[in-house]
Structures are given as C-alpha cells and as structure tokens.
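Colleague: So the chains spell out like this:
Number of protein chains: 4
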Amino acid sequence: MTDDLALLEDYIQRCSNWGRWGAEDHLGTVNLITPEKVREAARLVRTGKTISLTMPYDEGGPQTGNLGRHNPHLYQLASGPGYLTGEQQSVETPTMTKWRESSGQPANALYDDVLVMPTQSGTQWDALCHIFWRGQMYNGYSAADAGTGGSRTNGVQHYTGKIITRGVFVDVAEHRGVDSLEPGDAITVDELEKCLAAKKLEIRTGDALIVRTGFMAARRGKWQDYAGGPAPGLSLHTAPWIREHDIAAVATDTWGVEVRPNEIDCWQPFHVVCLTHTGLAIGEIWDLDGLSEDCKADGVYEFMLSASPLPLTGASGSPVSAVAIK
Amino acid sequence: MTDDLALLEDYIQRCSNWGRWGAEDHLGTVNLITPEKVREAARLVRTGKTISLTMPYDEGGPQTGNLGRHNPHLYQLASGPGYLTGEQQSVETPTMTKWRESSGQPANALYDDVLVMPTQSGTQWDALCHIFWRGQMYNGYSAADAGTGGSRTNGVQHYTGKIITRGVFVDVAEHRGVDSLEPGDAITVDELEKCLAAKKLEIRTGDALIVRTGFMAARRGKWQDYAGGPAPGLSLHTAPWIREHDIAAVATDTWGVEVRPNEIDCWQPFHVVCLTHTGLAIGEIWDLDGLSEDCKADGVYEFMLSASPLPLTGASGSPVSAVAIK
Amino acid sequence: MTDDLALLEDYIQRCSNWGRWGAEDHLGTVNLITPEKVREAARLVRTGKTISLTMPYDEGGPQTGNLGRHNPHLYQLASGPGYLTGEQQSVETPTMTKWRESSGQPANALYDDVLVMPTQSGTQWDALCHIFWRGQMYNGYSAADAGTGGSRTNGVQHYTGKIITRGVFVDVAEHRGVDSLEPGDAITVDELEKCLAAKKLEIRTGDALIVRTGFMAARRGKWQDYAGGPAPGLSLHTAPWIREHDIAAVATDTWGVEVRPNEIDCWQPFHVVCLTHTGLAIGEIWDLDGLSEDCKADGVYEFMLSASPLPLTGASGSPVSAVAIK
Amino acid sequence: MTDDLALLEDYIQRCSNWGRWGAEDHLGTVNLITPEKVREAARLVRTGKTISLTMPYDEGGPQTGNLGRHNPHLYQLASGPGYLTGEQQSVETPTMTKWRESSGQPANALYDDVLVMPTQSGTQWDALCHIFWRGQMYNGYSAADAGTGGSRTNGVQHYTGKIITRGVFVDVAEHRGVDSLEPGDAITVDELEKCLAAKKLEIRTGDALIVRTGFMAARRGKWQDYAGGPAPGLSLHTAPWIREHDIAAVATDTWGVEVRPNEIDCWQPFHVVCLTHTGLAIGEIWDLDGLSEDCKADGVYEFMLSASPLPLTGASGSPVSAVAIK
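Protein chains in written order, with this note's numbering: chain A, 5 to 330; chain B, 5 to 330; chain C, 5 to 330; chain D, 5 to 330.
Chain A with its partners taken away, still in its complex shape (with noise of 0.2 Å):
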C-alpha cells in the first residue's frame, strides 16, 4: 500500500501542470488548443463528412442511480395531445379564434418541455472541479469553492467554446480485432503507440485523443454495471505519456475513461492524476460506433473534433454534442 501512494504521488509531481498557465487558471490543457490548432483541425475537414459521438440522452440511458446519477428526464409544459383536445387556446388571437370557431379545430400552439439530467449522465466532458485530491481541485483551488449553487473556480463553463481540435482516434478494440475489451483490461502507452502506429499516425501537442474499447456497443440496452462497475480503461500508467505529449484531451466510450477496479489502491486514481494535477479534459460516455465504422471504411483516423460543452455555470461536467467532421 505504501508503493500505491507513493507511485500516485510521483506520477502527480511528474504531470501536474499546476502554475503553468496562471495562478488564475481554469482550463488545464485546453489552453494548449491554439488558434494555429484550430487551423491544423480544419485543414482536416476533407470531404465534409460529420459523425456524432454522443449517445442519445434519454431514460434509455446507462444509469443505475449510483452516486445520484439517473438518465435523463424529460417533461412536458405544453403538448400536442394537449393542444388537439382543448388546451392552449391562450395562445389564440382573435383571428385564430374565428378560424377554430368555423373549422371546429384550434390554429396553432406549441411544444414545450424541461430537461432534469445528472451532469455526468450521459456523453460529457468532466470539468475540473470534478474531483479533489487532499482538499484541492486543479490548480490549487480549494475544494470548499464546490459547494451549493455551483463552483465557483475551474466550473465546466470555462471549456466552452474552446474545445475544438484536431482529433486522432485509436479504436483499441479494433486493433486487438476484438468486439470489445473485457472489464479489467487495460490499455497501455505501449498499445497506444502500436495502434498509432498501424495507422501512420502521430500523436501531437493540444491534440484530442479518441480511444474505443467498444464496451458500450457491448452494453448497450443492456447496460448492468456499465455506470461504474468492472470495466476497460487507460491504464494509470499512461499518465506520463499523456503529460509528455501535452495531449488537451482524452475521451473514450466508456464510463470513466480508466480501466476498473483501479490498478493501485485508490480510487480512480487517473482521474487524480490527469484532471486534478495535468488539468486534463475527460471524456466520458463518448459514443465512438458511428465513428468505427466511418474509419473503417476510409481508413482516415484524424479529423476535425468539435466538442464544446455548454456554459452550466459551475458545473462538475456538461453533456456535449461532440461531432468528427472529417
């Protein structure tokens, strides 16, 4: 046990990035996504082809109410079924009235509804109040400023309208020529490169990095423990590399990104390392089976990703509509 903690305490030294951009920092490597980034992504866009990698949000969803995460609910303030038997006729004007009174019908009225959905229910981007180590989230900031109406330091928010780069796909479970890793496996710097490298791909600064293990087309609609149980994953060892690289974010197709049960004795200690220390932008949930198969067929494993969360104001994490437009 003793090794576990002093392992995670090197790895932390060795990837943290705190400092690096400010003192008042709440990006974490999203500030690597350059303007001469952003370029490089749509010099990408060849044949304008776009492919989402978010999963519907819906009570279809992989929830169990775990940790106080359920799927997403949707309710109705105004419904057609409504509208057709007698209601919203507040919305009428006196033409309209007229009109309904000789037709028997009412004219128009509209649709409306209210969305209550778990930050992290679905497809989304962690943000990096999301987890503490020892009192403090990414940068220093105190734990304490994640309390009632939101955080007020590192709050999804900051992300918007900034994560949009090129993406480079390793589609692990492709490559071992599996249809999905098994729970436990983990997924090494080593394989990482031998995927890249099958692919003639290189891995570059302020790049986002889309891994698959194909464990969600395993699961879906039949999700069990897929929200937090057994699971593939990076393997905590990959840490550095990602640090080296100055990789701006990682997203993969399942839960929580790193392989489960945890390699060493903590919990989630990747998360600890890479978005608390390395302020690395995680993607959870992503739905990379559209993409799979997209690559497959072209053989083109970059693109242009564009993924901005939205500004939930002090938010732990915010569903995305990621889309690869390649």
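Take the hints with a grain of salt, since some may be wrong.
Heads up, the list lumps identical chains together, so a pair's fine if it works in one copy or across two of them.
Derived pair list, reagent style DSS-like, types lysine-lysine, alpha-carbon separation capped at 30 Å [what the hints assert, rightly or not]: (1) Lys166 with Lys226; (2) Lys166 with Lys41; (3) Lys41 with Lys203; (4) Lys53 with Lys198; (5) Lys300 with Lys198; (6) Lys41 with Lys204; (7) Lys226 with Lys300; (8) Lys204 with Lys300; (9) Lys203 with Lys300; (10) Lys53 with Lys204; (11) Lys41 with Lys198; (12) Lys53 with Lys41; (13) Lys53 with Lys166; (14) Lys166 with Lys203.
Honestly, the hints are just simulated from the structure, not real lab data.
Assemble the complex: chain A is given as a structure, and chains B, C and D must be docked to it using the hints.
Modeller: Only chains B, C and D this time, still in chain A's reference frame:
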C-alpha cells in the same frame, strides 16, 4: 382579419417544404447542409479564433416563469464542502483511509451535480416539433406525436451532428448605428440585403443567417420582459426570401427571432410559416455581442458555424454550445 | 374475453356514484366523511398514541423508474458543510461579521433543499383524475382535462382537509398467520368479513378500510418488482361490497391495492370500477407494519385516521403523512 | 452592536433546551406533545368541522426564486390528452384492444405526474436542521451533518406522526381591527396575552400557537416581496415567553414567523434562539384566512391541530397538510 389569414396561407403555400425531402423527413432545411457545405464552412477558418455564441446557463438568465420556463437550476449530488467536513468516505480505499488517519485529512472525493432546465430557457435551437399549425407539425406529422415522454417525430435529436455550416452575420444594430433596435422594430428583406451588401456578402443555399438586434445587450442582467414581451426581430415578410434563398438556419439575440408584437393577428406567424412549413432551423437567445465586437475589429462577417444541439430524444428544443470559428 | 368485459360493465353499473353528489363533484366517496364521522373518529382517541402509516420518502424507496416513477430525490440549495467552509456570508449582518472576524468562525446560516418526487412514488392517495375509462374520469369529466399544468378536474387538492375519519384495520397477514400474502393472492369479501368479525368490528359508512397484506414487510429494502409486479391485494369482486357499505377510502401496503396479475383481462380493473366509477379514495404503499405491531399488542383495530393529502393543484395523487391516532 | 450580541446570547442561554431530552434528541419541543396532549386535543373536537390551513402548492405561490426557492412545478408522466390521441396503448390487454378496435376508442389509461418543489416554498414546518448558529444545529449537532443527500441529524422526518396537539389561534389582525398588520409590526408578549385573554384562553405546555397577521390575505395573488421582504411577525422578545410556557410549535401566515426587518443586527434572530436553541417547531406560510372566518363565526379559538409533515428523510422542512378540527 380575413386578410391576415389569407396572407398567412399564401406564405405557407409559397414557403412550404413538406414532402421535399420525403415523407419521413425530420430535418427540414438542415438537409441543405451538405458535405460540400461543411467543406465550404471549414475553408472559412483563417485565424483559428473561436467565439462562443451561447450565453451562460444559470439563475441569471432571462426567464420569468412565463410558459412554465424558469432559468436553469444546478443542484449538487456531492460537494467540496461536504468532502472537507467528512462526507464521501465511501470512495476511500484502505490506503487512502490510512493516509487520512495519519494526515487528519481525507484524500480524494468528487463534486457532482444535476441540471433542471427548460429546453427553451437559454440559447437554443427550436426543434421542428415545437410549433403546430392546424393539428400538424413540419412535414405533416400529427401534433399527437408530441406527447409525454417526448415527441415521436421531429425531435431535436435529428439535428445532432448536422448543424455545421457557413455562418453569415448580419449586425443590424451596427448597421443602423444604434446600441439596440427597439421593441416592435421589424427587420425587412431590404434591410437584410443592405446589411449584406455593406459587407460584400451574399447569402447562399445552406447558410446559417445570424442576425443581431442588440436587444440582449440592452437587457442583459435587467431582463424585464425580454422573454416573451415586445422585441425587435425579423419581419414575417422575410419568410419568402428565406425560403427562396434556401437558408438552412436563422438565429438571433432575441427570445423569439420574429418581431413582437406580431405583425398580423396570429401568434408567432413567422414560426408558423418558417418553422412549421419551411422546416427552418430557428435559433433563439443567442449571445452575439462577442461576435459583434470581433467582426467590427477584423471586418470578417462570415465563418464556420459549429452548432450541433444535444440529442435530447423527442425534445422541443435543445441548449446548444454554438461556436463561430474564424 | 367477452365475459370479462361484461363483468366489468356490470360492476361499473352497480358501483357507480357518478352524479350522486352533483355534476360538479370532485370528491367521490370522501363526501361520506361528514362532521358526524369526524366526531366519531375523534371519540376513538383513548390513549393518545399516534402511529405514522407513511414510509420514508427517499432514495431507498420501491420505485424502479417504471412508468417514469423514480424514488424521491432531495437536492440542496444551501448546506451546512458549505457554511462551515465559507459560503453564505450573504446572510451576515455587521454584528455577525465582526463576530466572525474575531472568532474565526461564521455565526449563522441555513440548510435548505428541493424535492423532486413523482406523486405516486411512495405512500400516497390516488386522485380521482388518476385513471380513465372510455375517455372519462370519475363523475364523467373528460380525460382531456388532465393535461399539462395539472388536471382541471378531480385534482388531489380536493381531498385536502377532508380525509379524517374512522380507520378500520384489517390485518390479513395476521389473520392468516403468515408473514405476508403471496403475489396473486386475492383478498375476498368473505375474508374481509371474517377478519372484521374476529375483531368484533363492523364496517360503517364513511370509514377508511386499511388492509395489510404483509407484502411491504416482505420486500422492504429488497424491493425487486414490488412497484408494478405481481402482488397480493383486494379482489376485483370486493367492489360491490365496498360500494354497498359506502366505504370512503381503502388503503393497503402494496403498490396498487388490487391483486396482481389482474383477475380479468383488463389493466387494473378494481381501479376502473372503484376509483373511476365509485369515486373511492385509494391509498397505496402505506406502511402498516408499525400499526400491526401496535394492534396486536392492544387488541384495538379501530382509530382516528388523519390523512389529509397536500393541496397539489391538479395532481394525480399526493404523498400523505397518514397517522393513526388511538 | 455589542449589545445586540449580548442580548442574543442571553436569550440563547435562557431559552435553550439542548440536552433536555437527551443527547440523541431530534425532536425538541415536539417532545412536549405527550399522549395526554393528544387526548386533550381530541376532546376539543365538538362539531366535526375540518379546516385546512395549507395554501395550494402550485405556480401561483409566493416564491420569486430568492434563496433558490421557486414555486412548485408539476410535470406530467402520462396525460389524458395523450391517451385520447393514441398514447398509452401499453397498458392495454387483449380484451381492451378488441374493444378499442370495435369502438374506435381506447379503454383505460392513467394520468401521472412529478412534483419539483423546494421544501420551504409553501406552507411548511421548518426542521431543526434548518438553521445553524456557531457551527451547530439544535442539540449541538454539527452543521456538517446537513450536507448532500439530506441531513443526518434533525431531519424533518423526526416530526412525522408527532404534531397532533391542541391548537390555539391568536388572530392579531382581528384583535387590532385591521385587515393586516404592516411590515415591521412586531407582535409582543403583551399583545399575545391580551389576544388570549380576550378569548378567555390560556396557553399550555405542548400547545401549538397559531398566529395570524393578515399579511397573506393582503398579498395573496400579488405577492411582491412577501417571500423574504419586510413583514409583520413575532418579536424576538417573545422567545423567553415561548420557552417559559413550553409551547411546542408556533406557526404564522408569513414567510418567516418573525418580524422583518429583524429587530437586532442579526439575520433571523428569533430562529437562532427558538429553532436552534429552544428546538421549537416553526410553521411558515400557513393559510389562516379560512380559520379566521370560522373562528369569528363560532367564537371558538382552540381546536385539535393535525399537522404531521412528510417523512422526507433529512430534509430542512416539509410541506404539510395542516388541519384544524373543531
């Protein structure tokens, strides 16, 4: 009054796209955003600058509860202060418990939250199920489809991954030399064309037309009846021009795109014609003030617009993180 | 199958109270709770002991998300940990600020929260707008009334202040000498009468009949399909007996009062007859285990029942803090 | 200012009940409601009339969003209009499908809904975890207990089944001969005693004192700053009298029971003394206008009060269906 209804029906007939893309279509004018259009948009990226067009989603928004729409609420599932005062020991592992016992401080924990948000409460896209006319939605689907659990047709998720196109910015307030247009000020075809000509821009098939009235700037933080009251906006009479130019999307910095009070004796007639019949993507409550500043500075009023909404299954609209990429 | 429908229609005809209390009535059998009935109930108070019949409303409840019903969520608006770590200085006054500055500790603050709860998720009364039959609710109101914004007729608020009456407890599990009846076990008129006779009790006009199956005790904490699955409960064939005795309310410790699987080929036929036609107040998911213990101890199976629901305007049901006062 | 703090500390010392009912107590003065007290209350039932003291929970309530408190929202899970236009065939059985096919109309279906409601948004009891003083709640529990997931101590569920006692009604507005007291009007011990004497009533151990200012009647429907603004109410200086008489509960028709602006330089000092230290049950936003009318008519100002809150585990308060039974 008879004339109002006759006018409306004439516009409906002239502007309708029902059936144009098949009986099963849920996309409307977003069909006009072709791969070529996406390539055209990407070619507009020159400096790599990105500008968010989305206002913060929080309690400071413009809603008053009218139509059941309140500002977004963010509630906490796990908090930093709670962690600091002894909660969340459940995520501890033996090593971390040992560490806490020796240091007197817990090791790691998380911040997590839930969003409760009317889909039309802030910057958003309307879905094609949002407005009914004579019992139907865009493309002839029955209003009966839009009931509890979400609309079975024309839900906003159909837009996901697809609204990435050339954005053309018309800053009417700048053109008029005012801070903001006034409530009731209608923007006409003539004025739109003069604004475009002044910037030597033409509008093309599949474009997103982004129109700034300055009304958000005038009301920000002291919203009064911004949501649903009198407002500047597009004239109903722009509808045929929008249809003839095959514009894919129109967004403004007002609550409802169209001028209010409505110009004829019908509630939101521009929506009835353009959304329900043309199948136009309509964006509301967009924050265009940063874009205005930027365009004044560099003189460039066209850009790549990336504005894919969340795949909220069956929803009447969706918050969107819209980004202008220049 | 034809017989099933014929039976149902016969029961509907025999048991209906439509029009009995006027065309504008929203109360149904709760009309039978007269001032004399309230006095009768109060006279049953002998020891002054009070026993809650309501189970906790929290994440530990029986719901699974079926029919959109989840367990109650409680979210915080202001928290104690937040206060202890520096939030909520906004409620400070100058004296208290001075005190904080001298003592290093804030003075006063508050804890506050929000409830998100399906009205049928725990111990509740059904409203008379909860079930439709052939397009109508109790007393002939159209199902069209029960739309967005709450039902315009038969809402649960009509019950508020009115369900205080004599409660008569029938502990069928005790009578059979079992811990719990089994799923599918139907409670018949004969068994109800034997239970009553065994305690020398008669049922009277305006009474609330409280029936315990033991099924909540059997499932508590490991709920499985308690909510909506097979369950013991009242036989459909008790409906005429309930109507003839002019019982005001029936409540049980099961999800849906009536035995499941349903005895005829119709979904919840007891509700169709008794709620929609008799206008009976139906209580579900009541926690009767404490009452059972108490009645076994003192041999007294009648009491003053105080069980007024919340005035949730237009709601399909309401949580209720039901109390037996002995 | 020093005097204000000294006064507050004197009252705290004189009025505290910490430890009186043991170190594990979560009930405070509700302990004073003994079985004998319940019997005394039941003996007050003479006519059998019941009067609700709870205002409707709906969008028409007094909240403005201040402190994050909005009016109750009711959202639909299944609707009557939806049923009439073709939804909910899922609950059909073969017989009913056959019936629908022959009659052209569906047979049965349901109306169902979800409540979203701040616990302090309408008529409610405060819980003893609602207010902190110097880091603690009633009985010395740490404010740290009141975090995410609900307070681990002093939650409102401890009151469930227990607030049934003698209610004594003091209609100060009637006594003064005004429609409503004015904001800032403090109700003193002297005035309370004169009101009681005028009705020949004495206050006794374990009573609930129900005080009407008329302020709800004055503001109903045009609430303005009713929620949190200046208001009439009990003087801080009534605290020792409340403690000396061992009153179990105090409720008023105002937002916060105590007069506002606060009489000393401390936020809600009556709460600090009476709720946090005396452990008094405090009821707010009670609707006492119907009771006022009734008492004027029959001259009876005492009754059985049945006001058990919902067992919302760990909540800061609870809506309550309070009923006066005369």
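Colleague: Would you pick out the hints that fail for this structure and give their numbers low to high?
Modeller: Hint check: nothing fails, all pass.
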